[in-house]
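S.K.: Each chain, written out:
Number of protein chains: 4
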Amino acid sequence: MKGERRYTLTASCPDQVGIVARVAQFIAGLGGWILETNFHAEPPDEQNPSGRFFMRIEVRADSLPLPLVELRRRFAEEVAPALAMQWRITDSAVKKRVVILVSKQEHCLYDLLARWHAGELDVEIPCVISNHETLRGIVEWHGIPFVHVPVSPERKAIAFAEIARLFEEVKGDVMVLARYMQILPPDLCDAYAGQIINIHHSFLPSFVGARPYHQAWARGVKLIGATCHYVTAELDQGPIIEQDVIRIDHTDTPEEMIRSGKDIEKAVLARGLRYHIEDRVLVHGHRTIVFR
Amino acid sequence: MKGERRYTLTASCPDQVGIVARVAQFIAGLGGWILETNFHAEPPDEQNPSGRFFMRIEVRADSLPLPLVELRRRFAEEVAPALAMQWRITDSAVKKRVVILVSKQEHCLYDLLARWHAGELDVEIPCVISNHETLRGIVEWHGIPFVHVPVSPERKAIAFAEIARLFEEVKGDVMVLARYMQILPPDLCDAYAGQIINIHHSFLPSFVGARPYHQAWARGVKLIGATCHYVTAELDQGPIIEQDVIRIDHTDTPEEMIRSGKDIEKAVLARGLRYHIEDRVLVHGHRTIVFR
Amino acid sequence: MKGERRYTLTASCPDQVGIVARVAQFIAGLGGWILETNFHAEPPDEQNPSGRFFMRIEVRADSLPLPLVELRRRFAEEVAPALAMQWRITDSAVKKRVVILVSKQEHCLYDLLARWHAGELDVEIPCVISNHETLRGIVEWHGIPFVHVPVSPERKAIAFAEIARLFEEVKGDVMVLARYMQILPPDLCDAYAGQIINIHHSFLPSFVGARPYHQAWARGVKLIGATCHYVTAELDQGPIIEQDVIRIDHTDTPEEMIRSGKDIEKAVLARGLRYHIEDRVLVHGHRTIVFR
Amino acid sequence: MKGERRYTLTASCPDQVGIVARVAQFIAGLGGWILETNFHAEPPDEQNPSGRFFMRIEVRADSLPLPLVELRRRFAEEVAPALAMQWRITDSAVKKRVVILVSKQEHCLYDLLARWHAGELDVEIPCVISNHETLRGIVEWHGIPFVHVPVSPERKAIAFAEIARLFEEVKGDVMVLARYMQILPPDLCDAYAGQIINIHHSFLPSFVGARPYHQAWARGVKLIGATCHYVTAELDQGPIIEQDVIRIDHTDTPEEMIRSGKDIEKAVLARGLRYHIEDRVLVHGHRTIVFR
Numbered sequence: 046m047k048g049e050r051r052y053t054l055t056a057s058c059p060d061q062v063g064i065v066a067r068v069a070q071f072i073a074g075l076g077g078w079i080l081e082t083n084f085h086a087e088p089p090d091e092q093n094p095s096g097r098f099f100m101r102i103e104v105r106a107d108s109l110p111l112p113l114v115e116l117r118r119r120f121a122e123e124v125a126p127a128l129a130m131q132w133r134i135t136d137s138a139v140k141k142r143v144v145i146l147v148s149k150q151e152h153c154l155y156d157l158l159a160r161w162h163a164g165e166l167d168v169e170i171p172c173v174i175s176n177h178e179t180l181r182g183i184v185e186w187h188g189i190p191f192v193h194v195p196v197s198p199e200r201k202a203i204a205f206a207e208i209a210r211l212f213e214e215v216k217g218d219v220m221v222l223a224r225y226m227q228i229l230p231p232d233l234c235d236a237y238a239g240q241i242i243n244i245h246h247s248f249l250p251s252f253v254g255a256r257p258y259h260q261a262w263a264r265g266v267k268l269i270g271a272t273c274h275y276v277t278a279e280l281d282q283g284p285i286i287e288q289d290v291i292r293i294d295h296t297d298t299p300e301e302m303i304r305s306g307k308d309i310e311k312a313v314l315a316r317g318l319r320y321h322i323e324d325r326v327l328v329h330g331h332r333t334i335v336f337r
Numbered sequence: 046m047k048g049e050r051r052y053t054l055t056a057s058c059p060d061q062v063g064i065v066a067r068v069a070q071f072i073a074g075l076g077g078w079i080l081e082t083n084f085h086a087e088p089p090d091e092q093n094p095s096g097r098f099f100m101r102i103e104v105r106a107d108s109l110p111l112p113l114v115e116l117r118r119r120f121a122e123e124v125a126p127a128l129a130m131q132w133r134i135t136d137s138a139v140k141k142r143v144v145i146l147v148s149k150q151e152h153c154l155y156d157l158l159a160r161w162h163a164g165e166l167d168v169e170i171p172c173v174i175s176n177h178e179t180l181r182g183i184v185e186w187h188g189i190p191f192v193h194v195p196v197s198p199e200r201k202a203i204a205f206a207e208i209a210r211l212f213e214e215v216k217g218d219v220m221v222l223a224r225y226m227q228i229l230p231p232d233l234c235d236a237y238a239g240q241i242i243n244i245h246h247s248f249l250p251s252f253v254g255a256r257p258y259h260q261a262w263a264r265g266v267k268l269i270g271a272t273c274h275y276v277t278a279e280l281d282q283g284p285i286i287e288q289d290v291i292r293i294d295h296t297d298t299p300e301e302m303i304r305s306g307k308d309i310e311k312a313v314l315a316r317g318l319r320y321h322i323e324d325r326v327l328v329h330g331h332r333t334i335v336f337r
Numbered sequence: 046m047k048g049e050r051r052y053t054l055t056a057s058c059p060d061q062v063g064i065v066a067r068v069a070q071f072i073a074g075l076g077g078w079i080l081e082t083n084f085h086a087e088p089p090d091e092q093n094p095s096g097r098f099f100m101r102i103e104v105r106a107d108s109l110p111l112p113l114v115e116l117r118r119r120f121a122e123e124v125a126p127a128l129a130m131q132w133r134i135t136d137s138a139v140k141k142r143v144v145i146l147v148s149k150q151e152h153c154l155y156d157l158l159a160r161w162h163a164g165e166l167d168v169e170i171p172c173v174i175s176n177h178e179t180l181r182g183i184v185e186w187h188g189i190p191f192v193h194v195p196v197s198p199e200r201k202a203i204a205f206a207e208i209a210r211l212f213e214e215v216k217g218d219v220m221v222l223a224r225y226m227q228i229l230p231p232d233l234c235d236a237y238a239g240q241i242i243n244i245h246h247s248f249l250p251s252f253v254g255a256r257p258y259h260q261a262w263a264r265g266v267k268l269i270g271a272t273c274h275y276v277t278a279e280l281d282q283g284p285i286i287e288q289d290v291i292r293i294d295h296t297d298t299p300e301e302m303i304r305s306g307k308d309i310e311k312a313v314l315a316r317g318l319r320y321h322i323e324d325r326v327l328v329h330g331h332r333t334i335v336f337r
Numbered sequence: 046m047k048g049e050r051r052y053t054l055t056a057s058c059p060d061q062v063g064i065v066a067r068v069a070q071f072i073a074g075l076g077g078w079i080l081e082t083n084f085h086a087e088p089p090d091e092q093n094p095s096g097r098f099f100m101r102i103e104v105r106a107d108s109l110p111l112p113l114v115e116l117r118r119r120f121a122e123e124v125a126p127a128l129a130m131q132w133r134i135t136d137s138a139v140k141k142r143v144v145i146l147v148s149k150q151e152h153c154l155y156d157l158l159a160r161w162h163a164g165e166l167d168v169e170i171p172c173v174i175s176n177h178e179t180l181r182g183i184v185e186w187h188g189i190p191f192v193h194v195p196v197s198p199e200r201k202a203i204a205f206a207e208i209a210r211l212f213e214e215v216k217g218d219v220m221v222l223a224r225y226m227q228i229l230p231p232d233l234c235d236a237y238a239g240q241i242i243n244i245h246h247s248f249l250p251s252f253v254g255a256r257p258y259h260q261a262w263a264r265g266v267k268l269i270g271a272t273c274h275y276v277t278a279e280l281d282q283g284p285i286i287e288q289d290v291i292r293i294d295h296t297d298t299p300e301e302m303i304r305s306g307k308d309i310e311k312a313v314l315a316r317g318l319r320y321h322i323e324d325r326v327l328v329h330g331h332r333t334i335v336f337r
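These protein sequences, in sequence, are chains R, H, F and Y. Count along the first sequence from 1, add 45, and you get the number used in my numbering. Count along the second sequence from 1, add 45, and you get the number used in my numbering. Count along the third sequence from 1, add 45, and you get the number used in my numbering. Count along the fourth sequence from 1, add 45, and you get the number used in my numbering.
Just so you know, the hints here were simulated from the structure itself, not pulled from any lab data. Honestly, I wouldn't trust all of these hints.
Stated by the list, open to error - If you only want the chain R side, here are some residues facing chain Y, beta carbon under 7 Å, derived:
no., residue
1, His187
2, Pro250
3, Ser251
4, Val253
5, Lys267
6, Gly270
7, Ile291
8, Arg332
9, Ile334
Said to hold, decoys possible - To list a few chain F residues with every Cβ distance to chain Y over 12 Å, as calculated:
no., residue
10, Leu80
11, Gln92
12, Pro112
13, Val114
14, Ala125
15, Ala138
16, Lys141
17, Tyr237
Source: prediction; values computed, not measured. C-beta: ideal position from N, C-alpha, C; glycine also.
This is chain R alone, in the form it adopts within the complex (with noise of 0.2 Å):
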């Protein structure tokens, strides 16, 4: 987020000529300023037969002369039809509310805590949840309201449907897994699909199993790396939003592999979370379109 307020359009349809002219001129026709603008139009795939194209475009609030809820209708009326577009506006005013969760493992946490303290990460974090207490200091410190659900595995049913109350209880628009070291059942994954952003390591090649940092070890890998995504029902396998790697050598026991998988991922949760804030993300099956 960059200074003045803004309206951000994010929207799909399916792919044909005259798309980009028809929005833009109903933004035009409203003196709308445009501060950035993205579009990509995706192959024809068996549920798209003619490509579908995504767009992200920011207006400059100050520049129209109707309030957001006019603006919505509007162009709900007069463009999305005709398009058959999926779409939405957020207003940058209205701070996303991102919920964290975690377990005891703190590198992600007190990196996003430090950005927000810092009011570089624009949102508001209406709680921190945890299946341990370990994490209640730090959060409390930082004002943050900081629930322990604990996830035996008798009580999962119970514990899950208390964070997704929890969730829209404090109106929650996204979920971190901040290293959250629970699975979540499949219906919370689909209830809330492209609103739950997950960080896990990665390798090449990859490894399955337990203790994948061994096993990268005992294979000589040089390079370890971490991937965001957003969470579906398949474990580890949905879209990814960003990923990045850091170089390791011989000398790097699991251990100090693990330390260096640790930087790596808190960097790029932050990346990925930034992009969802921003809404540069948008989902098109197992791939996303992210516009940076």
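Please arrange chains H, F and Y on chain R, whose structure you already have, making use of the hints.
M.R.: Chains H, F and Y in isolation, oriented as in the chain R frame:
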């Protein structure tokens, strides 16, 4: 360039409400199918009190019902004047003509020839010009004319006049200094502003004067880089197209730093040239807009 | 630091035949189990006509049959004199004492505190010193004393004398300038040569003077970096410990470049400090040998 | 390789007290001037209950008063047996003989030839072997014999026997699969374990099966990589020598991903081969120790 024939519009104009609408409507009115679109607004400065707007639009050629010459004529009449727009429309079927200048070092030349030979760099290379005979063999093996233009101190003016004449004669679009170890005279730089691409080493911090790698070694730098930029009369100060770095450490001698430098130079030059060839680079003062 | 207690010898001496043999034999003679070994020879220069040899050897403490004080005494008698060696032996069981200096920016401080809190940065932080009150809260929450030493122009000398006194009082091993926005006086730099670590932004090319990010923006740089270095009386010219870069593009405003700069600064400072803490950095003139 | 003639000892042995001392003393006793030294201890595993120790030492050839054959004889008698050491000593004056295998893709071949032609890759290339005629021209222009060994399904055994025969005939030291699109038979892999280097694409996560770039595209990966590894009978599972990645985004088509993949493949192969040529790579089970 990717597959089907396309026309690429690149343009800039003073920022105002309605630019995207106007241009998009012109294209849509012709039934033009947009393949890729990029817009960017630069903030106001002294020369551009309202800011300056930049765009690049790729349209599928066969979606337009009129020939390119007619498209240009109509754009020139119907769109450009009202927006005070600087623009051009290129045709992917017309390959750019790239004149390569080299001296004795071959790493960048080989890399460009390999990409050209593999069909990866979709250009014509009407000739390679050099102030030495060293690299004649490999150039001629590729079936490309090699022209030796010696540059002795006393005949510098003649030599560069000859180079300019050759560039005109072969109808060159862009001159690539692929480790060409001569300083171009200011009038040549000015005559072909935005058409001459250079690659040179870069460090953090920079080192001025002779033997920069030895200076960087003496300072113990941990990264060495390369910058691909347009040539201007101010030596190595032209608008930056692309940069990258490679990691070194204390075990690297200046000679090994030079070798790593070559690797990063050829990678960065190839990327920078591609962006230029695909009309992805727009210059704004000392800055570039690179629509990757 | 990785697991078991270890003694770390770091040393340098004029290069000659037999250095490794002599040192290794001394250790082997005591039954010492070597965990990690690094050697490096720097080429001859004016001060070092035969070149200079650098080494770092980690020995498992429990493999040696004598206490550290005795080890040091015997090394000082039996090895060092004949090789004209500068050396020290540290004990991993004695945590380094890190004094952090900050101003108002918190990104580096938070990152260091998080690593310390997670047990990842195995040091003691006897105090944090600042010329502002801004960051007292988060420091004290961690149970670390926070000392406010204002630095007004007229009381600079007093302030830095106070800082030196504090550093001595808490028996500091290293001073970390975690975005401390004051220039240290030359006498302080000299008194603690190789003990003060700074982090600052870096660009390719570099920009001198005020508002470097705005200069870099105006020049359209594509990478911004950070350099972690030892502080010397020459401002920002001390031996480089670590560097890294992050990619930006034309859509990044100076403010966004600063934010990216913060990300790379904290990552580079953390790595540089770790190398120092683990006695991996040996200084040779303006260069560093970093035995990663 | 850097300048003066050198002998390079690479060795590994069960870890124990005194290894460095013994080897260093042997060299010092001969007056040997050490140019570069690397040691590394791997932790215990089933085959190596005390761990395994790896080393690489470069000695200036003219500092030793005896010929190489004598050096080897004395090392074999005086040092190796007591340490149960596997070792070899190479001579930088004896260039490694690199046999390159290619198919139709030229990017890696061109890159290796360019480095060889520039004197940067200090090896001999006794021949290039291919299952196609495509690249004969550029190879022969460099004065290197090109051998066409077709590999049809029914004559696979004959073809690979011929390749093995050629490799023996030209006294090859290492075989480089520079995008050689044939799977080597297990017996060939075993016969030349640690002598065959391959390069292949890598992703986070990995994709198994046909058209990996299209799979990676469909999953929206943000990085693509390359892995240089020794060939073993398990396809693409051999010890990793080097890896690197390049960033892509949603605008990249599978074809553009393949092009970026080529760039990273050739860079990683060149680095991996250099490490091998300079005897910097020691294999330990599925891991490599790379003394860069």
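S.K.: Next, verify each hint and record whether it holds.
M.R.: Going through the hints against the structure:
1. His187: violated (31 Å)
2. Pro250: holds (4 Å)
3. Ser251: OK, holds: Ser251/R within 7 Å of chain Y, min 4 Å.
4. Val253: violated (9 Å)
5. Lys267: holds (4 Å)
6. Gly270: Result: holds, 5 Å to nearest chain Y Cβ.
7. Ile291: violated (11 Å)
8. Arg332: holds (4 Å)
9. Ile334: Because about 5 Å separates Ile334/R from the closest Cβ in chain Y, which is inside the 7 Å limit, the hint holds.
10. Leu80: violated (7 Å)
11. Gln92: At about 20 Å from chain Y, Gln92/F clears the 12 Å cut-off, so the statement holds.
12. Pro112: Per Cβ check, Pro112/F is outside 12 Å of chain Y; nearest 19 Å; holds.
13. Val114: Given a closest Cβ separation of 22 Å, the condition holds.
14. Ala125: The claim stands: Ala125/F keeps its Cβ more than 12 Å from every Cβ of chain Y (closest is about 17 Å).
15. Ala138: holds (21 Å)
16. Lys141: holds (24 Å)
17. Tyr237: Given that every Cβ of chain Y is farther than 12 Å from that of Tyr237/F, nearest at about 32 Å, it holds.
Hints 1, 4, 7, 10 from the earlier list are contradicted by this structure; the remaining hints agree with it.
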